[in-house]
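**Student:** Residues per chain are reported as follows:
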Amino acid sequence: MIAPEDEAGFTAAIDAAVADRAPLAIEGLGSKTGFLREMQTAETLSTRNHAGISLYAPQELIISARTGTTLAALEAKLAEGGQHLIAEPPHYAFLDGADQTIGGVVAANLSGPRRVAWGAMRDHLMGMRAVTGRGEVVRSGGRVLKNVTGLDLCKLFAGSYGTLGVMTEVTLKVLPKPQATGTVVLYGLTPEVASRALAVALGSPFSVSGAAFLPQEAAMAVGYERAITIARIEDFADSVTYRVGQLGALWAKFGTVETLETAQSVALWRAVRDAEPLPIQPGDAVWRVSVQPSRGAAVLDAGHAAGLFGYLDWGGGLAFLTGPATLAAHEVVVGAARRAKGDWWLLRAPPELRRSIDAVPREAPALAAIRQRVVASFDPAGILNPGRLFAA
Amino acid sequence: MQTNFTLDQLADPNIAVADKILRSCVHCGFCTATCPTFVTVGDEDDSPRGRIYLIKDMLETGAPASTPVAFHLDRCLSCLACMTTCPSGVDYMHLIDYARVRVEETYERPAHDRALRAVLAAVLPYPARMRAALRAASLGRSVRGMIGTRGMLGQRLRAMLDLAPGAVAGRSSTERPGVFKAAGTRRARVALLAGCAQQVIDPGIHDATIRLLTRMGVEVVVAKGAGCCGALTHHLGKHDAALAFARANVAAWTREIGAGGLDAVVTDTSGCGTVLKDYGFLLRDTPESADAARIADLAVDISELLMRLAYQPSLTPPPGLVIAYHAACSLQHGQRVTEAPKALLRRAGFTMVEPRDPHLCCGSAGTYNILQPEMAGRLRARKLDTIAPLKPDAIVGGNVGCLTQLSGTAIPTIHTVVMLDWMAGGPRPDRLPSDAAIAATRPAAALAQDPEATWS
Amino acid sequence: MITLPKPKPDVLARRDAVHEGLRAIMQDRGVITDPARLKPYETDGLSAYRQMPLAVVLPETTEQVAAVLRFCHQNGVRVVPRGAGTSLAGGALPLEDAVVIGMMRMNRIVEVNYRDRYAVVQAGVTNLGITKAVEADGFFYAPDPSSQLACMIGGNIGMNSGGAHCLKYGVTANNVLGIKLVTIEGEILELGGTHLDTAGYDWLGIVIGSEGQLGIATEITVRILRAPEGTRAMLAAFDGNEVAGACVDAIISSGIIPVALEFMDRPAIHACEAFAHAGYPLDAEAMLIIEVEGSVAEQDWLLGQIKEICARFNPISLKVSQSAEESAAIWKGRKGAFGAVGRISPDYLCMDGTIPTSTLPLVLRRIGEMSAQYGLQVANIFHAGDGNLHPLIMFDANDPTSMHKAEAFGADVLRLCVEVGGCLTGEHGVGVEKRDLMSVQFTEIELEAQRRVKSAFDPEWLLNTAKVFPLQAGTASAGPDALPHAA
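Protein chains in written order, with this note's numbering: chain A, 1133 to 1524; chain B, 2 to 457; chain C, 153 to 639.
These aren't lab readings, by the way, just hints derived from the structure by calculation. These numbers come from a predicted model, not from an experiment. Even glycine gets a Cβ: it sits at the ideal position worked out from N, Cα and C. What you were told as hints is all true, and nothing was included just to trick you.
Chain C residues, not near chain A, derived (Cβ > 12 Å throughout):
id : residue
1  : 158
2  : 164
3  : 178
4  : 179
5  : 202
6  : 288
7  : 431
8  : 460
9  : 464
10 : 484
11 : 520
Covered by chain C, per the in silico footprint, the following chain B stretches (three or more residues, Cβ under 8 Å):
id : stretch
12 : 25-38
13 : 84-93
From just these sequences and the hints, can you work out the full model?
**Tutor:** In structure tokens:
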């Protein structure tokens, strides 16, 4: 493993790999090594030693960090300023290892429950530095909140899983941490009714910042006996009290409503964020499916019919599913996602399955051709995480 | 915006005014969004900003108006929605007015177009000729089916016939000069612009105005020598004819000021009001410029006058009656009178609704619906499409042109002052459906709308 | 003055054939070739720059856009996409050898889905038109550029437009779920969809803000949001820019994020008040418009907190809007600000840099010095929450010296923005206006990386050529033949 301490180290490592035509596995702490497709690489290039916060300007709502900085370290720094990462990045229970880097979180564009109201990691990536597959240092964006100067390479790099370049520094928009959190709970609904209730919550004027449905088995994993449909409010304390009350009234037509105070709410939403409700067995696969919210229930039902378990976040728009890592199970998920006109990711699976299948949907041919040209423009030698996202 | 005029060109006072207007435009494009023709056809050339640009080019080059320039300027309704929208305060009205004169002077129109415009200018401003023409039109309607729908000429002929009322009224009370005495103590003395086409098409409007004002203690004068305000010829680019009308009116009302004094010159046709209020500019280079400015200052829409006189109803409308207020462009954009008519109708107790996009013209625009029947028809349909879902019992507005343009459906069109007069003791508008019919169409309690019912 | 690339002589020579081809595709509707009719298309919201195009095409369907692009691609004809033509950066400035594709006729709302909170609209729907279509049902489309009345969503995609409320709700890129994009080869790509996260590369993210360099968006799926229970604005007036800037910092530091936080300096206050009659404080050096949302009680509480903070900075006046009409007037003044400057000056250049908010006092001081040095007045409008600064440099386009001075002044302001850690453009785009300043912000390597992405979509550089990227020094040309990576 190569783990440089400065940007020049990344340049040198990439230059050498290009010269040797030796593909590199790009990672931070390796927590997502089991994600997406299996790769054949000669060496690992890690950001883990390139850590540290380079700029924190709370009154400008901006933080910059080298990409090897751990998520925990970044969040601790923000907590000192009473702030937090807006997209609420998850620390999935099924990750390998205890922590992940902020570079990895951005490169995978992973967001938590708050994404439904406040945007994804990619939405808050204001700037970055990266070393491309050409060994060149490229900056995009900056340290300001609004910037449309030139093509927005930040967006292209967020979610690119290290296939375009190695990000060395990221600048993120942050916001004040809410004073209080409240949750409204409905019990025992079916996925279909739950997704209607979530639509009512998200379509209400009360700034709902989380909207999830946990079927019974998922709810039991986090200490509830029946299925729960939950909506979250985060704001100043008085506002939370008021809005939780209003939302409860809106939800009364769906059943008996309970509310949770801040401490309980924070714990529950952390569990939802981190995929803790998934009953994952050793060797199981995990899928993530993004669909139009009203179609999430059908995805969950299709999975359930095939012996897969899961739950819904983002008002029904994000389904997590887990079950045996078989081709048949994979095809069930893919079929359900396709029928719902959504996208899917095979987040975790044993290497055998990950070698043989698509880990994300294939693009239409015209777009695939453009994608190949774009990727080649950053990594002409094809040495950065080759085949991680797409086989070709 | 940059302009390119030579000093020689700028010596022409008209060009100097145009230059000043063009310079105030910053080309931001806000006006495009509220322009009825741009919204309809989606072409910069049919937007205010595009027309300003076409005018700028025409004036800068000094060349005769080309066919495309005349085409796109002719398609402007002069609704002046752009002026309401414009943050820079561009005086589009005076720019397009002058451009129309330039087109009229320098552009050789096709013979049929020229002839039609001449006929309109020779007939519409004169009530007697207008009445004769309408009688002929009733006759013409019987042969409407024989007129082809293809080609501009056929479309225009059909448009004219469609706009003519079914039955032509006799001579109205305002066609001859006279004084209508105030009931009780006189609070004010005003001149009423008797005008031209309106009193032939719908004499009931003036009747209501006079009844209402005199009942409220106002003496109403129809001045000798006053006639058409000049707007019809003005918008056809026939500058001299328009000026002649304006001068005659200024002279007539100035005499009235000398004779018995005038507190206002009132109009119940908002299309005319816009021009009356502009007499100061129109006659700026004439010997009577000061008189003209004084008349312009005295000019008010009937709704403004009624607000000033603190109109109060004495009756309440029948239950269930819903009226749709249609804002005439000449009122809302030309004169910026937006609240007064609505406030009065509300005060009169009417349940009033407004369609979406109230700023968009209905396509009437003076003679526009005759000269541009296709575009006018599209705008009429659009307006009616926004009114229909409101299910009103009547469309109410302050300009006879709009009322004619929007008539012909099951919903009657009625002038604001007619409705106000009714609630103050005047006759019930005969176009309104009966109380029983109104009650029948309106369910006792409107269905409670749960907005989420539709999507959750 | 700006340099435009040399027109392709072979295209100019085939002018009639190109016109014929376009007419055939469009079946004789919506093709403008008459010079008199083309004239109004020679410029956009930046009227100092003008160039007559080869032709204008006004398609009504995605298929027509695809056919026209395919034709242009086959014939080596450049293309300039145009929405409402409100760009302040010359984003829709034509080229002599280019076909302008105007999207104004594609102005239909295709679908509204409240349950899943999205709307599908054609590119020629105005920004405000989306909100108008859903507001009766309590929803809105969040990005609200000041030109929202007129600007079209297709152009918003091109420029990644922001607005006064993006501090809370984000810019265009944060509010778009899907785009139907037509490539220069005439391929129709479906990017994103009706769901939140899209697998694979973030094509939406790179297309939004690409200023028509990568393709033409014909249909856009936007997120619509339920409107808050209510909003209320307040005005805080101060006797200096520094103290107003410090107040902004204090508000943000308190943990309150107003939905909008706008700053205007004295000349801007005066120009806007003349237009909107909103009761702006004419005696102030600087004014903040602060807007909060929620129930009436929530608004009261938030405004109370904000008033307390403002009070620490010796405000000249604090005024909370008492009615929806008053709030509307306050925003009318702000949103009409650019045009309102037209009341005090015949022409203006609107700059659009972004700066770290802490540098505001320094930047305003330096702009003041430049104003004196160039002898040109300037009014400053600032999205204080996100650092986006709009100095409006007033000049007289009929005086060439004044025009050149204004351009130089503007360039100096933007250099200053980059120098203090900001960027050239926050929401208007680079266009043709700031094209040659790109090397102030980016290294040649970085520009080259962006150019390669452009080439991946548009190998012959036919789409909106000569915008965004500086022309190759001395060659006055743009396109792959003039680019270093072409070899």
